[in-house]
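Trainee: The residues making up each chain are set out below.
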Amino acid sequence: MSLVRPYGDTQDDGAVQLSFTLPIAWDEAADEAARQLVAKMGFSDVSVVEGRAISAGFSFFVVYARTLVAVDASTIRAPSATGAALSIEQVDELIARRVGRKLKVVGACIGTDAHTVGIDAILNMKGYKGDYGLERYRGFEVFNLGSQIAVEDLVRFARERDVDAILASQVVTQKGSDIANFTALAELLEAENAREGLLLIAGGPRVTNLLAAELGYDGGFGRGTLPRDVATFIARRISDRQPG
Amino acid sequence: MELRIDREAVARARRLAGAIVDPVEDFIERHSTVSVERAVARLCGVDGVDGAGVPLANRLIDALPAREAGVARALGAAIAESGRTPQQVAAAVAAGEALPDPAGTPETALRAALRVHIDAGLARIDAARALRTALLARLPQGEPPLLYVIVASGNIYEDRTAAVAAAEGGAQIVAVIRSTAQSLLDYVPFGATTEGFGGTYATQENFRLMRAALDEASERLGRYVMLTNYASGLCMPEIAALAALERLDMLLNDSMYGILFRDINMQRTFVDQHFSRQLNARSGIVINTGEDNYLTTADAVEQAPAVLASQFVNEAFARRAGLPAAQMGLGDAYEIDPDLEDGFLLQVAQAQLTRQIFPDAPLKYMPPTKHMTGNIFKGHLIDAMFNLTSVMTHQTIHLCGMLTEAIHTPFLGDRALALENARYVMTTARHFGDEIEIKAGGRIELRARDVLSGAVRILDGVAQRGLMRAIEDGTFADIRRPRDGGRGYDGVFAKDAAYWNPFADALAGGAVPA
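As you go down the protein sequences, you meet chains A and B in turn. Take the first sequence: its letter number 31 is residue 30 in numbering that gives the first Met the number 0, and every next letter is one higher. Take the second sequence: its letter number 428 is residue 427 in numbering that gives the first Met the number 0, and every next letter is one higher.
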């Protein structure tokens, strides 16, 4: 057992900070409403340190409070798709040795999402934060389809080119559109019997590996992912599938 | 503060930009598009949708016996023959009636038949402009940088609540972000809408609802709050027409953005941007160009010359559509990696350079997005540095950065914090830029010099190859677009000898009422 609580300045003080907006005009009663609301959430020692009007009918609050709940950190598992990353040379060498050909990778921002910043960072030669993208690797043949790609078009492309891995990116998360699009892609691949032997990867600032697994993906990559993390994952997974 | 810049290089860049756009203007002059024609129909009073939700403007253009002659002749002939209004003609077409062959009606008769509707359309545009001018005189909007925020709930009624709250919190301009798929729709959706992804559909009714809410707030606050939407994508001219009718104040409108970042056919975009900008010129709408996109998709330090080159090209196209400098909101963005040493100096260099090269343009400055993370606390600090750059270099249109940029479309409270951040920095440092001098030969000046010479090099290369060829070769943002590829190409056509677009004729002189 290793029960943990938030740490303010003392072990187990349970200190948290919250900020939120209430759709009411600000007065002292609004501060009290905010305090009672946070108390109802289960927090104790609630202190509304800032409450003010941000427009005629809305008020904004900053609140400090303590929580008594805790979790047992020793029992929690969230396996990362990101193992120890290999270098470009190591990835290329692994692919050459175990697969013996270039791996075909297709990436797209699926559905209505037009934000290619994530998929571009992973795939484009230039890469992200000084880490070269997959186009730079000798071991990959990369197709970046760009923004607003219908899942039907992505699946058709994947079949026609017989790709090894699909990278689906979602930046916009409004009203669950990312989950809906990820799900639509996974279901279409299943429906077309195209899922087998294919590495299906989800990416985006709100994606976690756990979420991706729940959606039927092989891996999920969230904020801070570098191209080499994805490259290593693809190379290792596909190498592991090779006989011998 | 003042950069010492090479005036001859600036003049050379302008000459090159002119040489780049002139051959494209020849192409534009000889062509029209379905969206241009739909805009003409809408300005004549065609509105509404058929039973299947297809706009009558689309039904009408799709039914033209010869689109090469333009919709105006067909409409004029139908009116002359039937005595109907343009709306009645479009409704009849949607019900299955064929349009009469315009060749059967004398030219003078069909032109005369449409004249009252043309004049009514122009009068609505001019009345909206006059009303804006009067409102701005009575309700001055305050000093630039003008604080600009976005609303993007997908639901116009929620957007309205957020927009009014933002105005009360200090916003001087509110933009309604469009649903992300709308730029690829070859029609303008209809009516008040409550479903959208990453934004809210641009429709005439949504424009009207939002303008009315902001007018009410403007009166209450004693300052005019501006409204912005997007004339980009496949329907640039139609959106410009609807925005003119409903008194929007600004429109995102770039001469190349759709080509590069939305894979819209280049010929379509060039023709569409021209007519949409002619309409913007007449309606007094300030355009916002999209150079920030070069910086979000590639390295911001390397792309700085491309931004400046694009600004020159946007300026050249805008001039040729009759748009005065005071309506050219040329774009730039604060997107340099926050980990880069002296990145702030590079941002100041670029922003000040733009300010001095385009002294009369209401420059549009976009906030950091690419390097924003879930660390909202650091994000708020980066936004503050952006705010400082904007006020010290006298940017005009200031899109407030959100601390939750990388997380979600802004919460109401996020917007309030962003406005507070901008107000604080711009108040405490209001005249900072006027009090300091840039070190001669220092880092800022050298950077500005490099960016300018880099832009001249790009423009030189494009001028030699021609703009369409340069785009095919991937000169801009490393993106290659074929001349006859991309979306909307089938909607481009050559005008025939009988072609008539009465609005283009009226707007061509650039004659704008006082």
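Keep in mind that the hints are not guaranteed to be accurate.
The calculated DSS-like cross-link candidates involving lysine-lysine, where the alpha carbons are at most 30 Å apart (straight line), are [to be verified]: (1) A:Lys39 to A:Lys174; (2) A:Lys103 to A:Lys128; (3) B:Lys377 to A:Lys128; (4) A:Lys103 to A:Lys125; (5) B:Lys377 to A:Lys174; (6) A:Lys128 to A:Lys101; (7) B:Lys494 to A:Lys125; (8) A:Lys101 to A:Lys125.
Because the hints were derived from the structure by calculation, they are not lab data.
Trainee: Decide, hint by hint, whether the structure agrees.
Mentor: Status of the hints after comparison with the structure:
Taking the CA atoms of A:Lys39 and A:Lys174, the gap is near 27 Å; set against the 30 Å cutoff, the hint holds. Simply put, A:Lys103 and A:Lys128 have alpha-carbon atoms about 24 Å apart, close enough for the 30 Å limit, and the pair holds. Annotation: proposed proximity of B:Lys377 to A:Lys128 holds, straight-line Cα distance about 18 Å (limit 30 Å). Between A:Lys103 and A:Lys125 the CA atoms are separated by roughly 19 Å; this keeps the pair inside 30 Å, and the hint holds.
Restraint check for B:Lys377 and A:Lys174: satisfied, since their Cα atoms lie roughly 26 Å apart, inside the 30 Å limit. Proximity of A:Lys128 to A:Lys101 is assessed by CA-CA distance (about 25 Å); at most 30 Å being required, the pair is judged to hold. For the proposed pair B:Lys494 and A:Lys125, the alpha carbon gap of about 43 Å is over 30 Å, so the pair is violated. Restraint check for A:Lys101 and A:Lys125: the C-alpha separation of about 20 Å stays at or below 30 Å, so the hint holds.
The structure shown violates just one earlier hint, number 7.
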